[in-house]
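Listed below are the residues making up each chain.
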Amino acid sequence: GNSVTQMEGPVTLSEEAFLTINCTYTATGYPSLFWYVQYPGEGLQLLLKATKADDKGSNKGFEATYRKETTSFHLEKGSVQVSDSAVYFCALSDRQGAQKLVFGQGTRLTINP
Amino acid sequence: NAGVMQNPRHLVRRRGQEARLRCSPMKGHSHVYWYRQLPEEGLKFMVYLQKENIIDESGMPKERFSAEFPKEGPSILRIQQVVRGDSAAYFCASSNRGQGTPYEQYFGPGTRLTVT
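These protein sequence lines are chains A and B, in that order. Take 1 as the starting number for the first sequence in our numbering and just add one per residue. Take 114 as the starting number for the second sequence in our numbering and just add one per residue.
It should be emphasised that the hints constitute simulated quantities derived from the structure, not laboratory data. Wrong hints could be hidden among the right ones.
Each computed BS3-like pair below joins lysine-lysine, with the alpha-carbon atoms no more than 30 Å apart [as the list claims (entries may be wrong)]: (1) A:Lys68 - A:Lys52; (2) B:Lys140 - B:Lys157; (3) A:Lys56 - A:Lys68; (4) B:Lys184 - A:Lys60; (5) A:Lys68 - B:Lys157; (6) B:Lys157 - B:Lys184; (7) A:Lys68 - A:Lys49; (8) A:Lys52 - B:Lys157; (9) B:Lys164 - A:Lys49; (10) B:Lys157 - A:Lys49; (11) A:Lys77 - A:Lys60; (12) B:Lys175 - B:Lys164; (13) B:Lys157 - B:Lys175; (14) B:Lys140 - B:Lys164; (15) A:Lys60 - B:Lys164; (16) A:Lys52 - A:Lys77; (17) A:Lys77 - A:Lys56; (18) B:Lys184 - A:Lys56; (19) A:Lys77 - B:Lys175; (20) A:Lys56 - B:Lys175; (21) B:Lys140 - B:Lys184; (22) B:Lys164 - B:Lys184; (23) A:Lys77 - A:Lys49; (24) A:Lys60 - A:Lys49.
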């Protein structure tokens with residue numbers, strides 16, 4: 001079945017550092033890929049998405065590129081801020097049927113000033 | 114434009130009691146998903162419902178768990194005879210499925226269930 005593997009956390013960085021959170025997936029067919037962010041005590045918010053190979057999703061300075069050849073969707077940001085501290089989830093969904101989301105285990109990111 | 118509403122936000126139940134979790138989807142959304150998040154883990158799909166229909170319940174435990182999404186009112190996730198292992202955060206997401214692909218799911222704030 002489909003699965004998502006994320007870089008294990010927690011990750012702690014200083015403000016303005018470069019961020020990479022690795023995500024790889026296993027799927028039959030051609031899934032859509034997502035990054036969600038969860039702030040403390042809140043639900044998940046969609047951060048960015050990509051629906052086909054070589055698509056780049058971007059939002060709020062974050063980027064991720066759909067790499068079919070390496071089955072990856074790594075999250076990057078050039079200069080992180082304290083407000084980026086949260087838990088980040090990589091996820092995929094089938095393009096047909098229920099389109100239920102399959103999540104990675106999450107990566108907790110802490111940014112120190 | 115109200116988002117997905119879930120209540121209660123926190124629920125404490127003793128072992129053997131029933132837990133009822135409610136989810137009101139975004140206005141205009143007729144598709145609801147329930148996910149469970151165990152401590153320090155990612156979210157796991159439980160069930161997908163449309164109005165008055167269960168479409169996919171492949172992630173639901175076979176016993177004690179049920180879900181409904183009536184024609185009127187919120188979606189309900191019901192857990193009978195709760196056990197400590199049911200302690201988790203339960204998230205609801207809603208979708209329009211009428212525009213674009215993939216159909217974006219909008220998440221509520223979750224209900225944190227604690228079984229004592």
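Hints versus structure:
With a C-alpha separation of about 8 Å, the suggested pairing of A:Lys68 with A:Lys52 holds against the 30 Å cut-off. Between the alpha carbons of B:Lys140 and B:Lys157 the distance comes to roughly 25 Å, so the proposed pair stays at or under 30 Å and holds. About 12 Å separates the Cα atoms of A:Lys56 and A:Lys68, which keeps this hinted pair within 30 Å; it holds. Between B:Lys184 and A:Lys60 the alpha-carbon distance is near 38 Å, which puts this suggested pair outside the 30 Å criterion.
Simply put, A:Lys68 and B:Lys157 have alpha-carbon atoms about 24 Å apart, close enough for the 30 Å limit, and the pair holds. A distance of roughly 26 Å separates the Cα atoms of B:Lys157 and B:Lys184; the hinted pair therefore holds under the 30 Å criterion. Of the pairs offered as hints, the one joining A:Lys68 and A:Lys49 holds, with about 14 Å between alpha carbons and a cut-off of 30 Å not exceeded. Restraint check for A:Lys52 and B:Lys157: satisfied, since their Cα atoms lie roughly 24 Å apart, inside the 30 Å limit.
Our distance criterion of 30 Å between C-alpha atoms is met by B:Lys164 and A:Lys49, whose separation comes to about 27 Å. Between the alpha carbons of B:Lys157 and A:Lys49 the distance comes to roughly 19 Å, so the proposed pair stays at or under 30 Å and holds. Restraint check for A:Lys77 and A:Lys60: satisfied, since their Cα atoms lie roughly 9 Å apart, inside the 30 Å limit. For the given pair, B:Lys175 sits about 22 Å from B:Lys164 by alpha-carbon distance, which is consistent with the 30 Å threshold.
Proposed proximity of B:Lys157 and B:Lys175 is supported: the alpha carbons are some 15 Å apart, at most 30 Å. Restraint check for B:Lys140 and B:Lys164: satisfied, since their Cα atoms lie roughly 13 Å apart, inside the 30 Å limit. Proximity of A:Lys60 to B:Lys164 is assessed by CA-CA distance (about 35 Å); at most 30 Å being required, the pair is judged violated. Using a Cα cut-off of 30 Å, the hinted pair A:Lys52 and A:Lys77 holds, with the two alpha carbons roughly 21 Å apart.
Under the criterion of a C-alpha separation no larger than 30 Å, the hint pairing A:Lys77 with A:Lys56 is consistent with the structure, at around 13 Å. Among the hinted pairs, B:Lys184 with A:Lys56 is inconsistent with the structure: their alpha-carbon atoms are about 39 Å apart, more than 30 Å. Between A:Lys77 and B:Lys175 the alpha-carbon distance is near 42 Å, which puts this suggested pair outside the 30 Å criterion. Distance hint between A:Lys56 and B:Lys175 is unfulfilled; the C-alpha atoms sit about 39 Å from each other, more than 30 Å.
The suggested pairing of B:Lys140 with B:Lys184 holds, with an alpha-carbon distance near 14 Å, which does not exceed 30 Å. Of the supplied pair hints, the one linking B:Lys164 and B:Lys184 holds, its CA atoms being roughly 6 Å apart against a limit of 30 Å. The suggested pairing of A:Lys77 with A:Lys49 holds, with an alpha-carbon distance near 15 Å, which does not exceed 30 Å. Only pairs whose Cα atoms come within 30 Å are accepted, and A:Lys60 paired with A:Lys49 is accepted, the gap being roughly 13 Å.
In this structure, the earlier hints numbered 4, 15, 18, 19, 20 are contradicted, and the remaining ones agree with it.
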